[in-house]
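S.K.: Working from the sequences, and respecting the hints, build out all of it.
Listed below are the residues making up each chain.
There are 2 protein chains.
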Amino acid sequence: MSLIDLSKQVALGVDIGGTNTKFGLVNHRGEILAKGSIKTDEYEKVEEFIDALYEKVSPLIKQYFSEKQFDGIGVGAPNANYFRGTIEQAPNLRWKGVVPFAELMTKKFGVPCTMTNDANAAALGEMMFGAARGMKDFIMMTLGTGVGSGIISGGKLIYGHDGFAGELGHTIVKPGGRKHWSTGSEGSLEAYASATGIAITAKKMRAEFPDSMLNDYREEDIDSKVVYECAKKGDPTAIEVFRYTGQKLGEALANFVMFSSPEAILLFGGVIKAGDFILKPTKLHMERNLLPIFRNKVKLVFSELDEADAAILGASALVWEK
Amino acid sequence: MSLIDLSKQVALGVDIGGTNTKFGLVNHRGEILAKGSIKTDEYEKVEEFIDALYEKVSPLIKQYFSEKQFDGIGVGAPNANYFRGTIEQAPNLRWKGVVPFAELMTKKFGVPCTMTNDANAAALGEMMFGAARGMKDFIMMTLGTGVGSGIISGGKLIYGHDGFAGELGHTIVKPGGRKHWSTGSEGSLEAYASATGIAITAKKMRAEFPDSMLNDYREEDIDSKVVYECAKKGDPTAIEVFRYTGQKLGEALANFVMFSSPEAILLFGGVIKAGDFILKPTKLHMERNLLPIFRNKVKLVFSELDEADAAILGASALVWEK
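The listed protein sequences correspond, in order, to chains R and W.
Using numbering that gives the first Met the number 0, read the first sequence as starting at 0 and increasing by one per residue.
Using numbering that gives the first Met the number 0, read the second sequence as starting at 0 and increasing by one per residue.
For the record, the hints were derived by calculation from the structure and aren't laboratory data.
Some hints could be false.
Where chains are identical, the list cannot tell them apart; a pair therefore holds if satisfied intra-copy or between any two copies.
Claimed, not checked - Derived lysine to any residue pairs resembling SDA-like cross-links, with alpha carbons at most 25 Å apart: (1) Lys135 x Glu87; (2) Lys231 x Phe69; (3) Lys173 x Pro291; (4) Lys178 x Arg294; (5) Lys298 x Asp161; (6) Lys155 x Met127; (7) Lys279 x Gly176; (8) Lys135 x Gly153; (9) Lys61 x Asp40; (10) Lys232 x Gln62; (11) Lys178 x Ile292; (12) Lys173 x Lys282; (13) Lys38 x Ile199; (14) Lys135 x Gly154; (15) Lys173 x Gly186.
M.R.: Listed below in structure tokens is the structure:
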């Protein structure tokens, strides 16, 4: 009799973005043993994309592992449906309609393929390998160009009846507020708390305050990084941009807490590089809007996963989730 | 060998309110075999309350059942904690602090006792015996004097890490909006969509429209029932009260849908007697604020449980939930 050495069981984690697809072979300890990437938008047909991925991945599998150690494939992709294994009407991908992605992958690779959206995958990655190890109830917020989320309740991802649950970036935080550039909704969290939203806020606020350092930059150069640089130098307008953003984010988080009562909220993505400029007002306005029974209990935690690897780790965690 | 006759297995369902406590012996089919009530606020000590309850219930059990058919006790109570079996800091009860209610009940009755808040119990009741039979993902909203909620995801109640999840009535729908009479929060759903909130809206709106029928009533007589009567008679102001309430409720429901993607939202309580006056604007504003991926999928359904019995049925469902 021999014990199974978990470090020798391996999964393929695939993170599909509009431009690039990253992949990695990950073991049960969350170590990435080999990785690479291909261009997503070079392939007009999904079958060509999968063929190209297979050509890159299969030599790595053959080189490092026996086939029986290969447990399966996990995929994080925009508009991916966990229940159906499909990518559905993804606006940023060339493959239109409903793509039976998991089925095509299994046919090609000969192992099971599980998929979900990228933020859900990131939440699983944090639970298995990151800051949420040991937690059974938490919410993962990814604050980048957009705002994504993954919700873990009772140790399981919330998928909802159709596999599309956890679109917290699109919840409305200010009814009748800022119009979203892509969805058209008014006052969604993403319209304020994404890097895109922060740039919009900064452009509005600098127009009101001609003395602000933010006016030293060209319109097209204003982004959340520039706002952070100005805030660090003490520019009150830049600081106010993050305070306002944090207020909107904190108000939204309070509502999420009263929904699923998580132990922690994990924050991930470019926006959180602003550190206390955004974290302090976020915490203040979250606490202020909570019922007393929830106050001073929910941890706001920064992700512990390396940003470059988080999506791959998260996708691979899908394989071992069940 | 004999099959178990489920109609002969019985649970005690107890619904504790600030003034009255209702109880019933319920079988596995959701039939109430015997019921009764005692005054909650007559008993200064919780032990006295439990003694009084036992005196009323035990003769019924002895009369109708053998002890081996008595599966356990389920209790719905304000601020009840599922994990700890406690009632904690309930503002409307005389028993202060943290009351180990389930433990005291088990000691007295000799069977397991499970408890949760009343809206969670109602959600279980709908899943086991009501309009949500066969559903695994739905949200129950109780719209009465206050606004309560119970969330079922993947066939299970969401309790959160501390047992207090699902306080959707206290989520903020209008930041900086109407101050809540008891929690002090600003712009919560309960401040608008409860019967209390509707009366406040009606009093404000009738002051603006002197011609409204609502002005035929004394200030203290304005309640959601009066508003409904006026709306039925075609009073535009009364109709606007429900339209505005439905807008706020619909906006909130859209956010809830993007959290857990339920198959349906069940509505229960006195407020829904207003029927289409509130249902139509609720649906309109829910759909309007949803991402396209969620639109025209979520059913808005009225509860199928008799209002007088729902709380007892829900509480008894706790016994068979596990």
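S.K.: How would you label the pair Lys173, Pro291 (within, between, both, or neither) given a Cα cut-off of 25 Å?
M.R.: both (23 Å within a copy, 19 Å between copies)
S.K.: One pair to classify: Lys178 and Arg294, alpha carbons no more than 25 Å apart. Within, between, both, or neither?
M.R.: between (31 Å within a copy, 19 Å between copies)
S.K.: Within a copy, between copies, both or neither: where do Lys135 and Glu87 come within 25 Å Cα-Cα?
M.R.: between (29 Å within a copy, 23 Å between copies)
S.K.: First find the shortest C-alpha distance between Lys135 and Gly154 inside one copy, then the shortest across copies, and answer within, between, both or neither for a cut-off of 25 Å.
M.R.: both (4 Å within a copy, 17 Å between copies)
S.K.: How would you classify Lys38 and Ile199 at a CA-CA limit of 25 Å: within, between, both, or neither?
M.R.: Classified as neither; 30 Å inside a copy, 58 Å across copies.
S.K.: At most 25 Å between C-alpha atoms: does Lys173 with Gly186 qualify within a copy, between copies, both, or neither?
M.R.: both (5 Å within a copy, 11 Å between copies)
S.K.: For the identical chains here, do Lys135 and Gly153 meet the 25 Å Cα criterion within one copy, between copies, both, or neither?
M.R.: Both: 5 Å inside a chain and 15 Å across chains, each within 25 Å.
S.K.: With 25 Å as the alpha-carbon cut-off, assign the pair Lys61 and Asp40 to within, between, both or neither.
M.R.: Cα proximity of Lys61 and Asp40: none, with 27 Å in one copy and 73 Å across.
S.K.: At most 25 Å between alpha carbons: which applies to Lys231 and Phe69, within, between, both or neither?
M.R.: neither (47 Å within a copy, 67 Å between copies)
S.K.: Tell me, please, which holds for Lys155 and Met127 at an alpha-carbon limit of 25 Å: within, between, both or neither?
M.R.: both (12 Å within a copy, 22 Å between copies)
S.K.: Checking an output row: Lys279 and Gly176, CA cutoff 25 Å. Within, between, both or neither?
M.R.: both (23 Å within a copy, 23 Å between copies)
S.K.: At 25 Å max between alpha carbons, let me know whether Lys298 reaches Asp161 within a copy, between copies, both or neither.
M.R.: between (30 Å within a copy, 13 Å between copies)
Comparing the model with each numbered hint stated earlier shows that hints 2, 9, 10, 13 do not hold.
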